[in-house]
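Guided by the hints, dock chains B, C and D onto chain A, whose structure is given.
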Amino acid sequence: MHKAIGLAEAVEMIPDGASLMIGGFMGVGSPHRLIGELLRQGRKDLTVIGNDAARPGVGIGRLVDAKVVKRMVASHIGTNPEIGRQMIAGETIVELCPQGTLAERIRAGGYGLGGVLTTTGIGTVVAEGKRQIEIEGKMFLLELPLTADFALIAAHRADHIGNLEYALTSRNFNPIMAMAAATVIAEAAEIVPVGVIPPDDVVTPAVLVDHLVEREKLNGR
Amino acid sequence: MHKAIGLAEAVEMIPDGASLMIGGFMGVGSPHRLIGELLRQGRKDLTVIGNDAARPGVGIGRLVDAKVVKRMVASHIGTNPEIGRQMIAGETIVELCPQGTLAERIRAGGYGLGGVLTTTGIGTVVAEGKRQIEIEGKMFLLELPLTADFALIAAHRADHIGNLEYALTSRNFNPIMAMAAATVIAEAAEIVPVGVIPPDDVVTPAVLVDHLVEREKLNGR
Amino acid sequence: MDAKELIARRIALELKDGDLVNLGIGLPAMVTHYLPPGVDVFFQLENGLIGLAALPHPGLENYFLGDAGGALVGAVPGACAFDSAFSFGLIRGGHVDLTVLGGLEVDERGLLANWVVPGKMVPGMGGAMDLVTGCKRVIVAMIHTAKGKPKILKQCTLPLTSARRISLIVTELAVIEPTDEGLAVRELAPGVTVEQVIAATDAKLIIPSEIPEMKLAA
Amino acid sequence: MDAKELIARRIALELKDGDLVNLGIGLPAMVTHYLPPGVDVFFQLENGLIGLAALPHPGLENYFLGDAGGALVGAVPGACAFDSAFSFGLIRGGHVDLTVLGGLEVDERGLLANWVVPGKMVPGMGGAMDLVTGCKRVIVAMIHTAKGKPKILKQCTLPLTSARRISLIVTELAVIEPTDEGLAVRELAPGVTVEQVIAATDAKLIIPSEIPEMKLAA
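Those protein sequence lines, which keep their order, are chains A, B, C and D. If you read the first sequence in this note's numbering, its first letter stands for residue 3, the second for the next number, and so on. If you read the second sequence in this note's numbering, its first letter stands for residue 3, the second for the next number, and so on. If you read the third sequence in this note's numbering, its first letter stands for residue 15, the second for the next number, and so on. If you read the fourth sequence in this note's numbering, its first letter stands for residue 15, the second for the next number, and so on.
Keep in mind that the hints were calculated from the coordinates and are not lab data. Honestly, I wouldn't trust all of these hints.
Derived DSSO-like pairs: lysine-lysine, alpha-carbon spacing no greater than 30 Å straight-line [what the hints assert, rightly or not]: (1) B:Lys-132 / A:Lys-140; (2) D:Lys-150 / D:Lys-218; (3) C:Lys-150 / A:Lys-140; (4) C:Lys-150 / A:Lys-132; (5) D:Lys-18 / D:Lys-30; (6) A:Lys-46 / A:Lys-72; (7) A:Lys-46 / C:Lys-134; (8) D:Lys-150 / B:Lys-140; (9) B:Lys-219 / A:Lys-132; (10) B:Lys-72 / B:Lys-46; (11) A:Lys-5 / D:Lys-30; (12) C:Lys-30 / B:Lys-5; (13) C:Lys-150 / B:Lys-5; (14) B:Lys-132 / A:Lys-132; (15) B:Lys-72 / D:Lys-134; (16) A:Lys-132 / C:Lys-168; (17) C:Lys-163 / C:Lys-18; (18) A:Lys-69 / C:Lys-134; (19) B:Lys-132 / D:Lys-150; (20) A:Lys-140 / C:Lys-168; (21) D:Lys-168 / B:Lys-140; (22) D:Lys-163 / D:Lys-30; (23) B:Lys-132 / D:Lys-168; (24) D:Lys-218 / D:Lys-161; (25) D:Lys-150 / A:Lys-5; (26) D:Lys-168 / D:Lys-134; (27) A:Lys-132 / C:Lys-30.
Quick look at which bits of chain A chain B covers, simulated, 3 or more residues with Cβ under 8 Å [as the list claims (entries may be wrong)]: (28) 31-44; (29) 117-129.
Just so we're clear, the structure is a prediction, and the values are computed from it rather than from any experiment. In this text, a Cβ means the ideal position worked out from N, Cα and C, and glycines have one as well.
Isolated chain A (complex conformation):
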């Protein structure tokens, strides 16, 4: 059960053209080291599933700056003018999805469910081309599950076997993405021995984490 992996080695597993779920909300709770290493290694043509495109220079926005996002599924891109420009210029494809629907689609992908039945989006452009199903006299939109090749997630603390704990609003999409990707790579602000994180505080169990990125060197140690 040896999961520790160097940052470079972790990102080397990800090929050009891969689909990535990337945790975080406007950069809060995003895997900043993994994003930086994707850029350093020059990975390109990526499909990114994430809540937003953050801002230029921040989180997923750094991938946008480098023009390596071929396709993005997100709920919001308005804070990043560069992805708006790329979209209008036809350089990037953006699929917009209501935030709650995005969360449930990712969860459905990880939970083995066939889809999400929601009223959000009915009567709007979001419903165009999608099936609607009447249940007990009420119409629901059928939204399909999302999965990805990799989930790149960020935790506040990890233990040595890969149990993850999150802090405050940095939890956001990370735990559901950890269920929905073929390979899950996690980075953590702090790494502690097994048993330090109590069972009730573990949000993502170690069994879901395929690779845990080695800690960053600090002050030469």
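For chains B, C and D alone, coordinates are given in the frame of chain A:
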């Protein structure tokens, strides 16, 4: 935001014939004081939604012993011969539901979803009379959301405004039930001031808890 | 008092003790400044928190605690953190008592458009569609007109945010309630006449014989 | 060695280091006693835990920590607790590598019946339908016959647990793998002949020309 309520007063809100979601799994994590008070007040004709009927004398099993469960939705009743007897005698109606489906149906009820699309139960008696929906070439069973008049839930710790924290396997159905009932009544093994439970440890936020049962008197204090 | 402050002060009166409230960014967020005394509400951040608070002091930020706009914020004692699926379970399951959002257009049916201007501004709906579809009450806080043009129209020209009718429109001129019969003028801002409201509106308005003056939080 | 111990020792060899494993109550739970050295697995309790452990000493029970049968149990360092929806997300989402369950009947298609005997025993399916439908691998651990009657049949007579084919049957006589072509005998228990297996089985069996002896964990 005064939520504290006496045990008797809490149960007086529940009429005969009410539908109750009751947390717990084989009695672990069940609201034992609320169940005892339902019995003391002689409430009857109840619809109970819960994972199991526990054992005679334990948890939901005590309601079964007293013959006050008119209808039960559960995943398992085999450990309680008395409910089996009542079912065969036609005194109680039992609707059996796969455990994962039961959890998702309760969650769907609380999350405003139209239903659950699952492969569990397809090709079995569970699928009889239910709609099946083909999604991308695969068949899924449509299972309907569950809601109730009341959720009776048990927490390990509550704070003064009703934030709830659970311990180990006593979490089970409690958090999802707290989303799915019109009125939520919680009891807790321990009650602490606001701020004692850190935000990341709160599993059920105070806004979902309508009434928090006063603590039990211990050693006359 | 400027127009936005007036709107925020009026909406503050709609918050009830114990409510779970989700405020949009900008004008809606100003409502927090005018909460009446004795009214304790929980503010939700859809990115995963109940219990938003302002930072007491710059320099005390925590990089794991941001609002939906990405600004670093504070939290009250008794706050609760959760993931995005749970956050929208609260919203879509009807557990949020009130949301206050900005608006680009509202029409006679009480339908809101506030997330996209095709060809110009494509920010994405974020949580807006979920909030308008799922919250118990939806209040639109907006300046009555944009560059002199009415924003309250017979029918929205922009893509809708939801097929669900909103609960109330509060502008610097009036409080307007969408009903089965149409848009009813419920209150007028101090010094504003009903004629002014009609002139600034492109939708048919229901005008009761007596319209009280807008109440405002201190 | 009794029949159940033999079955448990054989199944123990199917567990791989790092696996997430869910064991049914009774015979399947015996597998924990025979884990080969160097194989560290996580045991899931569907009632909400990864990291089940036996209690080190009676008197140390915690009333908030039980197994799916309601018995009070222990937990390993590094355990993780969660609610029922998450627990079955693990199961239905294919995150559980292996489940070992008891069986009442298995048929030529590899379909399992193990949750109800109409008119006699109506325990309910609990998590069985989810486990058989969702886990990566499903092993049925059972005594080959019941009161002398075969339990491996042409077609199940009892209500099915799932329409999904199980991965492996392990009995005290043989290891049998359901395949597209039918039930293939993969291993024979020590001292057991293929004729004995055929005689104790009501389903057609595929008999390879050479069948190795069943391997057993120490």
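(message) Checking one constraint from the list: CA of C:Lys-163 to CA of C:Lys-18, max 30 Å. Satisfied?
(response) 18 Å, holds
(request) Would you mind confirming whether the straight-line C-alpha gap from D:Lys-168 to B:Lys-140 stays at or under 30 Å? (result) 27 Å, holds
(message) So if I understand the rule, the pair passes when the alpha-carbon distance is 30 Å or less; does D:Lys-150 with A:Lys-5 pass?
(response) 21 Å, holds
(request) Decide if the proposed pair is consistent with the structure: D:Lys-18 and D:Lys-30, CA atoms, cutoff 30 Å inclusive. (result) 21 Å, holds
(request) Verify the proposed pairing of A:Lys-46 with A:Lys-72, using a straight-line Cα cut of 30 Å. (result) Between A:Lys-46 and A:Lys-72 the Cα gap is close to 8 Å, so the pair holds against 30 Å.
(request) Please count how many residues of the stretch 117-129 of chain A have a CB within 8 Å of a CB from chain B and say whether that reaches 3. (result) Coverage by chain B holds for the stretch 117-129 of chain A (5 residues, Cβ < 8 Å).
(request) Tell me if chain B covers the stretch 31-44 of chain A under the three-residue, 8 Å CB rule, please? (result) Since three or more residues must qualify, the claim that chain B covers the stretch 31-44 of chain A is violated, with 0 doing so at under 8 Å.
(request) Mind checking the alpha carbons of C:Lys-30 and B:Lys-5 for me, to see if they're no more than 30 Å apart? (result) 15 Å, holds
(request) With a cut-off of 30 Å on the C-alpha distance, tell me whether A:Lys-132 and C:Lys-168 pass. (result) OK: A:Lys-132 and C:Lys-168 at ~28 Å, within 30 Å.
(message) Please verify whether A:Lys-140 and C:Lys-168 have alpha carbons no more than 30 Å apart.
(response) Answer holds: A:Lys-140 to C:Lys-168 is near 27 Å, not above 30 Å.
(message) What's the verdict on D:Lys-163 and D:Lys-30, does the C-alpha distance respect the 30 Å limit or exceed it?
(response) Between D:Lys-163 and D:Lys-30 the Cα gap is close to 34 Å, so the pair fails against 30 Å, i.e. violated.
(message) Please verify whether B:Lys-132 and A:Lys-140 have alpha carbons no more than 30 Å apart.
(response) Roughly 17 Å between the alpha carbons, so the hint for B:Lys-132 and A:Lys-140 holds.
Of the numbered hints stated above, those contradicted by the structure are hints 9, 22, 27, 28, listed in ascending order.
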